[in-house]
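K.L.:
Note that the protein sequences, when read in sequence, are chains D and P. So for the first sequence, numbering that gives the first Met the number 0 puts the first residue at 0; every next one is plus one. So for the second sequence, numbering that gives the first Met the number 0 puts the first residue at 0; every next one is plus one.
Simulated from the structure, these hints should not be mistaken for lab results. One thing to keep in mind: the hints can contain errors.
Stated by the list, open to error - So, partial list: chain P residues that the calculated Cβ filter (under 8 Å) puts toward chain D:
#, residue
1, E108
2, A109
3, I112
4, G113
5, G115
6, R118
As the list claims (entries may be wrong) - Some, not all, of what chain D presents toward chain P, calculated at C-beta under 10 Å:
#, residue
7, I19
8, R29
9, E121
10, A132
Each residue gets a CB set at the ideal place from its N, CA and C atoms; glycine is no exception.
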Amino acid sequence: MTTIIILAILAGIAVFAIGIFNRIVTLENRFENAWSQIDVQLKRRGDLIPNLVETVQGYASHEKEVFEQVARSRQAMLSAGSVPESAEAANMMTAALGRLLALSESYPDLKANENFRVLQEELAGIESKIAYARQFYNDAVLQYNNAIETIPGVLLAGPMNKKEQVFLEIPETERQAPQVSFS
Amino acid sequence: MKAESVRIPEAITDVVTGRKISLLDWKATNQRASILLVVFLVGLLASIGYLVAQVFEPGAALFFVGFASLLALSQSAVAFWAGDRVVLVASGARPANRDEHRYLVNITEAVSIGAGVPRPKLYVIDSEAPNAFATGRDPNHGVVVVTTGLIALLDRQELEGVIAHELAHVKNYDILLMSLLAATVGAIVLLRDIVFRSMRFGGRRYRSAGGGSRGGKSQMVVFVLLALLMILAPVLAVALRMAVSRRREYLADATGAYITRNPEGLARALEKLLEYRGAPLAVSEGLRHMLFVNPVRALNAANIFATHPPLEDRIDRLRRM
């Protein structure tokens, strides 16, 4: 009789532990997937650069410093290996592209160029997708961190070798990025 | 840019029951309600079928009950699998394409990422009147429709707010419940028409049979009960649909604000729609409760016939978040 009770208790604990294990893995997959969403958008943004630079150069070829800054940020993006490095490079690129787009204020012909307007809208679209993807990532990280730092998750987080993840910070410059209107 | 430092409540107080509703649990409530609704509809129509049989042909009760149940089930099935297509055709929407509606497509893709749902299929209605609605049965089959007037009127943050509101309907399964409610109203009205038509026909036979061998007091009672039910059921079903849609607008506003972390965008969009003085969107009455705002100004109100809460109240709630 006692054996049966002990077995039942053990089985109960096992079921409970499997539940926690699955939850942690699900939440981990969620934030990893959320990161890949950001990554996709960052790559798409990088892919827009050659076309954008070419268009802008047609009107403002002597603004060499801006083009160099954009090229450097793209290089940093391509060589980034880890999540923090990618995030850093992404912030660099945001700043560089902000300057590039701002050139249109000084070059009315560029501003009126249809190709430029389409690229500008695409870029604005990608920027907001990155912002939303980052928000989703941070939400997912928060859920994950809560799960592995509170009881009962914390009991399994150690043996499963799960560590707290850091949030993606938004640089001040990007928060104040000018609103691109397309109407 | 989105103000991510703003704290948005994850739960809001339901205007009807006064209970706190977690925005994240709302989906489960809707899924339960959808199943209950189908069960209720089958039960209601089966009972009506039974009463009809008692009046006309007690021997064929099984046939009448079976027919009514089948009607209820088939209406629900059509709503589930084809409800979105019915609505799209009825509203005259056409698919959006990336080149023509780049702005809309980009914004919807972004907000979908934030909401954590697949990008819905996008449709546009060529109309000056700013409006939008969502349909489909679940987030994998979500459809969002906006008018060209809405795209022209709103800036990026405002349009993000409206799209987030519509995605909230998608994500929370409001779209499924609304489709099934429309089917419920449709099935009840259809059955009423069938019964009334056959009552005229059956009534003649009833009289010509004369003598009253089958007719009696109890049958008369059933007859009156049935007539009453047939008149009241459609009215009640429509009232239910109104109440359900009214209450979901607040929830979708709150969820939309949560998705964008920017209640102000949605509030400003509502303000612009409040100020709009052009021609209203021409859609059939059966679709109005689904829209972002009811094109009939007076139906954005606090009374029981309204499909939407007053716009001022929605704006005020968003501003107080």
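K.L.:
Give a verdict on every hint.
P.N.:
Hint-by-hint comparison with the structure:
1. Contact between P/E108 and chain D, as hinted, is supported at the beta carbon level, the nearest pair being about 6 Å apart and thus within 8 Å.
2. With a least beta-carbon distance of about 4 Å to chain D, the hint placing P/A109 at the interface is held under the 8 Å criterion.
3. Interface restraint check for P/I112: the shortest CB-CB distance to chain D comes to about 4 Å, inside 8 Å, so the restraint holds.
4. Evaluation of the P/G113 hint against chain D yields a held restraint, the C-beta minimum of about 3 Å falling below 8 Å.
5. Checking P/G115 against chain D by beta carbon gives a least distance of about 6 Å; that is within 8 Å, so the hint holds.
6. The closest approach between the C-beta of P/R118 and any C-beta of chain D is roughly 11 Å, which is over the 8 Å cut-off, so the hint fails.
7. Violation of the interface hint for D/I19 is found here, the shortest Cβ-Cβ separation to chain P being roughly 20 Å, above the 10 Å cut-off.
8. A cut of 10 Å between beta carbons decides the hint on D/R29: the least distance to chain P is about 9 Å, and the hint holds.
9. Annotation: interface hint on D/E121 holds; nearest CB of chain P at approximately 7 Å, less than 10 Å.
10. With 10 Å as the threshold, the beta carbon of D/A132 comes within range of chain P, its nearest partner Cβ sitting at about 5 Å, so the hint holds.
Of the numbered hints listed earlier, those contradicted by the structure are 6, 7.
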